[in-house]
Amino acid sequence: MKTFEIKDLNLWYGDFHALKDIDMDIRNNKVSAFIGPSGCGKSTFLRVLNRMNDLIDGTKITGQVLFNGQEIYAPESDVVTLRTKVGMVFQKPNPFPMSVYDNVAYGLRVQGIKNKAVLNDTVEDSLKKAALWEEVKDRLSDNALQLSGGQQQRLCIARAIALSPEVILMDEPTSALDPIATGKIEELMESLKKDYTIAIVTLSMQQAARISDYTAFFLLGDLIEMGPTREVFHKPNDKRTEDYITGRFG
Amino acid sequence: MKLRANLDRRMTKIEHRLIKMTSLVEQSITRCMMSLKDNDDRLAISVVEDDRMIDQLEMNIEKNCVNVISLQQPIASDLREITAILKIITDLERIGDYSVNIAKIQISLDKGMGEETRYLEAMGDTTRVMLQKALASFIEKDIELAREAAKMDQQVDDMYEEYYHYQLERLMRDESSTEDLVPLLFTGRYLERVGDHIVNICERIIYMVEGINEYY
Ligand SMILES: Nc1ncnc2c1ncn2[C@@H]1O[C@H](COP(=O)(O)OP(=O)(O)OP(=O)(O)O)[C@@H](O)[C@H]1O
Ligand SMILES: [Mg+2]
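Protein sequences appear in the order of chains A and B. For the first sequence, our numbering assigns the number 1 to the initial residue and increments by one for each residue that follows. For the second sequence, our numbering assigns the number 1001 to the initial residue and increments by one for each residue that follows.
Don't take each hint at face value.
Claimed, not checked - If you want a taste of the chain A side facing chain B, the calculated C-beta under 8 Å gives, among others: (1) Met205; (2) Lys235; (3) Arg248.
FYI, nobody ran anything at the bench for these hints, they're computed from the structure. Every residue, glycine too, gets a C-beta built ideally from N, C-alpha and C.
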């Protein structure tokens, strides 16, 4: 099953052609990793999937982006609903300056949910899924900014999970974390993929190889190839992919 | 940008050692066959003694490969090359052992080789050519050459088959020379096995270059 089907996608920042004729399927309940050199368009592409580029002036998009078969750039498509279904976690953990509990409950309250029991359950459940519950269950009212970097990142994942998304997008979610915190997030992704579809941008080849089912390689706005991670890291189809992942580039 | 200078340096070193190991093994076959042909025990003894160098190179290359895997985390073509080399050295080491077996047979023979020379020499020559081609295919990353070498194994098998029947007949006819015929029959068997190991090597080279398994 395909969660996203992208066809002939092009994106411009003003005159700059940032994504070129991209065709891609993103399969459900799998981890898809996007790799490529800095500036090749990985983050731009990730933002296409929940229309975060709409917030940037001067962007122009053509082509099709189907989410569960529906065009997300259609005029009748609702961005707010889309972003609850397609959550995002960023490179730098960005908890709100409020309690751990309120961080996770925030999105639900915005949706108008006030029932205390529902909120409690969802907060606990989300923190458990994000493998953070045991570490914070006694400090739910502490300010989230007191948590360690790795804990903050898992809190951001819990915040995304609380909205029951189908897809979680992650842009270099571990690049600011130490190996132990990185290991926890990687384990978490493995457990999350039974309930969610995950797309992750990573600068670490090893990370892409370890955690993803599919790997896509971008270069200067082109999608060079996408395939099962096992194949891409064993015998890539394109010489440019081979050169990049083996460090022959440049 | 020299991102992989360290990896390249280590890979080149391993490749050079593998080439050295292959040529030592090739010499080992050449010399054990020559010792048989010339009934030269001194040459045969040197084959047995020099086998230690082949064993040492095998251990050394293996250690270097494991270091590259743990320290450089090679992927794609690099990983295929490392894993291919790890398997190739096992086959090379085994070929070295067969040469030693043949050299020991020469030492044990009373009279030296008789009429079977033409069979065994032809088998020895063919395996040597196979090994040379395999080595060239590794260096050039030329899989056609590897396929050619692998296919030559059929000739070795056919020669062995013929030789086997020839010796069997002699065994039944002439009982006085039975003692020498049996070890010489073994010599043919060892050369036939050498051919099989070279086929393995060719298969690993094809895997290394193409990422696919082909069996011969
Ligand atoms: N808001 C923007 N306005 C104009 N150009 C932009 C904007 N955002 C990104 N770009 C350009 O688009 C290209 C792709 O950027 P993007 O952030 O998607 O790259 P990336 O692959 O995520 O790189 P990195 O690995 O460094 O994060 C770059 O050349 C970048 O300069
Ligand atoms: Mg980026």
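Give me the numbers of the hints this structure contradicts, sorted from smallest to largest. none
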